[in-house]
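Chemist: Residue numbers (the working numbering), protein chains in the order written: chain W, 1 to 375; chain X, 1 to 301.
It should be emphasised that the hints constitute simulated quantities derived from the structure, not laboratory data.
Note that CB positions come from ideal geometry on N, CA and C, so glycine has one too.
Hints are supplied without guarantee of correctness; some may be wrong.
If the Cβ cut is set under 10 angstroms, some of the chain W residues that face chain X in the computed set are [stated by the list, open to error]: (1) 166; (2) 169; (3) 170; (4) 191; (5) 195; (6) 197; (7) 201; (8) 205; (9) 207; (10) 210; (11) 226; (12) 230; (13) 233; (14) 234; (15) 237; (16) 260.
These are the residues of each chain, in order.
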Amino acid sequence: MVKLRIVLATAALSLGMAGVAVADSVTFGVQAPITGQYANEGQGMEKAVKLVAKQLNEAGGLLGKEVKVVSCDDEGKATQAALCGRDLANQEVFAVIGSYTSGATAASQPVLDRANILQTSDGTAEQLTQKGYNLFFRNAPPNSAEAEFTGDYLVNVKKYERIAIIKDHSSFAKGLGEATAAAIEKQGGNIIFDGFITAGSQDYRSILTKIKSENPDIIYFSGYYSDGGLIRAQQASLAIDADFVGGDANQNVKFAEIAGKAAEGSVIINVPAPANLPYPEAKQFLKDYEEAYGESPPSIFTLTNTDGMRAIVQAVQETKSFDPETVADYLHGLRDFPGFTGPLGFDDKGERLGSAFQAFEIQADNTYKTIYPQQ
Amino acid sequence: MDIFLQQLVNGLTVGSIYALIALGYTMVYGILRLINFAHGDLAILGAFIGLTVITGLAGSGGAPANWIVIVAFVLAILVVAIAGVLLEFTAYRPLRDAHRLSAVVSALGASMFIQNGIMLIWSPQTLTFPEGIMPATTYNFGTVIISATQIFIVSVSFVLMLALYLYVNKTRFGTAIRAAAIDQDAARLMGINVNKVIVSVFILGPALGAIGGLFIGVYYRQAVFDMGWIYGLNAFIAAIIGGIGNIPGAMIGGLLLGLFSSLASGYISSTWQQAIVFGLLILILLVRPTGILGERVANKV
Numbered sequence: 001m002v003k004l005r006i007v008l009a010t011a012a013l014s015l016g017m018a019g020v021a022v023a024d025s026v027t028f029g030v031q032a033p034i035t036g037q038y039a040n041e042g043q044g045m046e047k048a049v050k051l052v053a054k055q056l057n058e059a060g061g062l063l064g065k066e067v068k069v070v071s072c073d074d075e076g077k078a079t080q081a082a083l084c085g086r087d088l089a090n091q092e093v094f095a096v097i098g099s100y101t102s103g104a105t106a107a108s109q110p111v112l113d114r115a116n117i118l119q120t121s122d123g124t125a126e127q128l129t130q131k132g133y134n135l136f137f138r139n140a141p142p143n144s145a146e147a148e149f150t151g152d153y154l155v156n157v158k159k160y161e162r163i164a165i166i167k168d169h170s171s172f173a174k175g176l177g178e179a180t181a182a183a184i185e186k187q188g189g190n191i192i193f194d195g196f197i198t199a200g201s202q203d204y205r206s207i208l209t210k211i212k213s214e215n216p217d218i219i220y221f222s223g224y225y226s227d228g229g230l231i232r233a234q235q236a237s238l239a240i241d242a243d244f245v246g247g248d249a250n251q252n253v254k255f256a257e258i259a260g261k262a263a264e265g266s267v268i269i270n271v272p273a274p275a276n277l278p279y280p281e282a283k284q285f286l287k288d289y290e291e292a293y294g295e296s297p298p299s300i301f302t303l304t305n306t307d308g309m310r311a312i313v314q315a316v317q318e319t320k321s322f323d324p325e326t327v328a329d330y331l332h333g334l335r336d337f338p339g340f341t342g343p344l345g346f347d348d349k350g351e352r353l354g355s356a357f358q359a360f361e362i363q364a365d366n367t368y369k370t371i372y373p374q375q
Numbered sequence: 001m002d003i004f005l006q007q008l009v010n011g012l013t014v015g016s017i018y019a020l021i022a023l024g025y026t027m028v029y030g031i032l033r034l035i036n037f038a039h040g041d042l043a044i045l046g047a048f049i050g051l052t053v054i055t056g057l058a059g060s061g062g063a064p065a066n067w068i069v070i071v072a073f074v075l076a077i078l079v080v081a082i083a084g085v086l087l088e089f090t091a092y093r094p095l096r097d098a099h100r101l102s103a104v105v106s107a108l109g110a111s112m113f114i115q116n117g118i119m120l121i122w123s124p125q126t127l128t129f130p131e132g133i134m135p136a137t138t139y140n141f142g143t144v145i146i147s148a149t150q151i152f153i154v155s156v157s158f159v160l161m162l163a164l165y166l167y168v169n170k171t172r173f174g175t176a177i178r179a180a181a182i183d184q185d186a187a188r189l190m191g192i193n194v195n196k197v198i199v200s201v202f203i204l205g206p207a208l209g210a211i212g213g214l215f216i217g218v219y220y221r222q223a224v225f226d227m228g229w230i231y232g233l234n235a236f237i238a239a240i241i242g243g244i245g246n247i248p249g250a251m252i253g254g255l256l257l258g259l260f261s262s263l264a265s266g267y268i269s270s271t272w273q274q275a276i277v278f279g280l281l282i283l284i285l286l287v288r289p290t291g292i293l294g295e296r297v298a299n300k301v
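Work the whole structure out from these sequences, hints included.
Modeler: Structure below.
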């Protein structure tokens with residue numbers, strides 16, 4: 001029995017070494033919700049990574065090696081995500097793009113880190129970069145970055161003097177609203193009202209009437225588009241003469257529908273939608289994606305994940321190494337890399353630097369026009 | 001002062017809608033001693049039917065003509081009234097002689113059935129009403145702004161409530177309804193067709209509720225399939241504080257609830273709005289347990 005085990009172990013080792021020996025290829029792993037409620041996003045991620053791999057191979061590969069892609073479906077669930085992490089580690093991938101949700105990302109982080117595998121994800125929950133995983137890089141700006149951009153925009157750019165903040169009780173909106181309030185105060189702004197609505201309760205006239213009595217020049221709403229649209233419409237019906245600025249969850253075609261005529265002139269702060277990206281490389285990639293798959297990428301996060309992969313590729317090409325630590329060191333020092341979603345860099349915790357946020361104004365025909373930063 | 005008046009206007013409008021829906025709860029309770037939990041969902045069914053009619057007849061271009069809006073209201077009332085009668089026949093009539101709790105469970109089940117039915121037939125997403133259903137004119141009194149929609153809702157609600165009050169108190173059939181509410185058996189002995197009374201209550205209540213629901217749709221320009229729960233709960237509470245089973249009580253309860261809600265949010269804190277409103281309601285019930293206009297009803301032992 002023991003002899004059998006030794007034979008099996010030797011066979012496995014030699015197979016493994018054979019795998020290492022055939023090192024003309026490097027494998028990228030995709031961990032994404034390919035099925036389930038976020039399947040749209042997960043499949044977009046997989047397609048985008050495969051497209052980048054294909055383009056690299058057509059240009060001669062990565063440092064001469066063929067780029068392969070394997071995927072694992074985590075269904076957007078933490079339990080599946082941990083299994084995916086193990087699965088991808090067993091397949092000895094070089095780097096993992098994933099996952100779409102913060103929860104699934106957090107579940108696979110420890111597994112991948114122990115297996116010495118680089119990881120990049122669009123999850124925006126703050127704690128993803130606070131656990132000391134040296135090989136993890138967040139490719140989408142976290143909520144705190146949006147708050148800083150908003151604070152800067154409201155106080156320094158638009159110079160509003162009486163800011164009213166409305167949040168709702170969800171953890172996202174509350175977190176974003178509080179962070180924005182702190183950022184506004186840091187910039188020296190004057191907050192004249194800071195309150196909550198109960199999301200979904202439809203009637204916001206009473207809180208708006210109270211805000212009206214404080215004479216704001218801008219109302220900032222950190223919650224979701226379904227309430228944002230109503231707030232904007234009711235603000236107009238109460239003739240409150242103030243600008244409306246909404247956080248990223250207000251960006252949805254429904255906002256303009258719900259707000260009706262009042263939607264025009266509302267400003268929303270978010271990373272740009274793929275179609276609005278101003279960079280020529282982004283536009284080119286969107287065209288390539290459409291050609292390859294016959295559809296547009298589902299969201300901006302497809303592109304941020306692509307940027308994460310491209311940053312890793314850049315790091316490998318510059319350091320001429322596949323050693324994860326070396327690549328990670330390069331990435332920690334990366335600044336102003338021309339990403340599809342804006343200038344990209346990482347700090348020493350793996351947090352994305354370079355804000356890709358924009359403020360866009362809704363036009364009379366319900367399209368968005370970027371008003372800051374000017375292009 | 002102007003802020004106070006503005007909050008008053010806001011509160012009255014919302015309160016009128018609550019009152020219309022609360023009337024359905026109170027009438028059914030008066031006759032059957034049953035809380036019709038499905039009533040809130042029937043009310044907002046009116047909003048969805050109205051939306052379908054308006055978008056179907058007017059298409060998507062521009063503001064719908066006045067006649068289209070009227071047709072929408074009429075159809076909403078008709079369909080919801082029929083739904084109300086069907087509800088009575090399927091969910092409540094078979095359980096007339098059963099334990100009280102069975103009817104309550106049946107009511108909850110009916111509520112979920114209607115809610116999910118709406119979700120499946122229309123959409124789980126929020127649906128928007130086209131603009132321009134009501135003229136967008138507003139009237140300014142100082143800094144108080146009253147919109148045409150608000151005037152429309154409040155005035156139509158008051159007219160309807162007055163009409164219902166006169167019907168129940170001054171007509172023969174209204175007397176039959178009141179008699180059946182006091183004692184069904186005695187009413188039957190007096191020659192009143194109690195089944196007819198019950199069916200008519202299930203027509204009147206849901207019809208008013210449908211008008212309230214369509215008002216919600218027009219006022220907020222939105223319809224979501226799970227609105228029925230929130231509005232139903234609020235209207236039910238309004239009926240209780242006014243005195244459940246008492247028709248003027250439901251009207252007062254609805255208006256009070258709307259006013260409390262608006263003033264609490266405006267003057268105390270929007271964060272604690274719900275808590276304050278329900279706290280006030282608890283206070284009212286502590287002082288007057290049967291509600292503001294409720295009568296002490298002797299319990300049969």
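Chemist: Please list, smallest to largest, the hint numbers that this structure does not respect.
Modeler: Structure breaks hints 3 and 4.
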